[in-house]
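If you count by our numbering, then the sequence shown holds residues 727 to 875, one letter each, in order.
Calculated from the structure, these hints are not laboratory results.
A hint or two may mislead.
Stated by the list, open to error - The calculated lysine to aspartate or glutamate pairs, modelled on EDC-like cross-linking and capped at a C-alpha distance of 20 Å, are:
id	residue 1	residue 2
1	Lys787	Asp811
2	Lys822	Glu796
3	Lys787	Glu798
4	Lys822	Asp811
5	Lys822	Glu798
6	Lys787	Asp852
7	Lys787	Glu755
8	Lys822	Glu804
9	Lys787	Glu838
10	Lys822	Glu753
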Amino acid sequence: MSTPLSLLLAMAFRLLIDRLHERLAAEGEPVRPVHGFTISHLMNTGGATAVELAAYLGITKQGAAHIVGELEQSGHVERIDHPTDRRSRLVVVTEKGRSLVTRAAQIWAEEEANWANLVGADRLEDVRDALQTFVTAGGDEAFRLRPVW
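Using the sequences and the accompanying hints, generate a full structural model.
In structure tokens form, the structure reads like this:
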């Protein structure tokens, strides 16, 4: 019996995520997957409050504040005055955080090249095209990496 596609996709994603974080840790950047999701969201939105991050990540406000604290301590994000709400602070990505994203993209490209060496560039591109078709057919909801509960 062959392995279900859903399980293979999950296993492949986990393999890539683990490899990325192993390599970043070896380079002195001991970040966790949630840090990447957080930084990516902040870069895509130009910043967010801890409450907005909690909603995006599907976690509690306290959990989001903890993650922001970790990223702030490591220098990847900073809190600044909110431009329209004096009661809130906006979390934004620092230059160090942007450099981390750039390095992560380089590692992803290297890992994809390794996969292309394993199965052939044409076969890997076929997989990418097929997955892109499935994701696009899923509409806007397909772009969420975490379920909304």
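To see whether the hints hold, each was checked on the structure:
The straight-line distance between the Cα atoms of Lys787 and Asp811 is roughly 18 Å, inside the 20 Å bound, and the hint therefore holds. Among the hinted pairs, Lys822 with Glu796 is consistent with the structure: their alpha-carbon atoms are about 14 Å apart, no more than 20 Å. Between Lys787 and Glu798 the alpha-carbon distance is near 16 Å, which keeps this suggested pair within the 20 Å criterion. A threshold of 20 Å between alpha carbons decides the hint, and for Lys822 with Asp811 the separation of about 26 Å lies outside it, so the pair is violated.
Distance check on the hinted pair: Lys822 and Glu798 sit about 11 Å apart at the alpha-carbon level, within 20 Å; holds. Of the supplied pair hints, the one linking Lys787 and Asp852 is violated, its CA atoms being roughly 41 Å apart against a limit of 20 Å. For the given pair, Lys787 sits about 25 Å from Glu755 by alpha-carbon distance, which is inconsistent with the 20 Å threshold. Between Lys822 and Glu804 the CA atoms are separated by roughly 10 Å; this keeps the pair inside 20 Å, and the hint holds.
Using a Cα cut-off of 20 Å, the hinted pair Lys787 and Glu838 is violated, with the two alpha carbons roughly 35 Å apart. Restraint check: the Cα-Cα separation between Lys822 and Glu753 comes to about 14 Å, which is no more than 20 Å; the hinted pair holds.
Hints 4, 6, 7, 9 from the earlier list are contradicted by this structure; the remaining hints agree with it.
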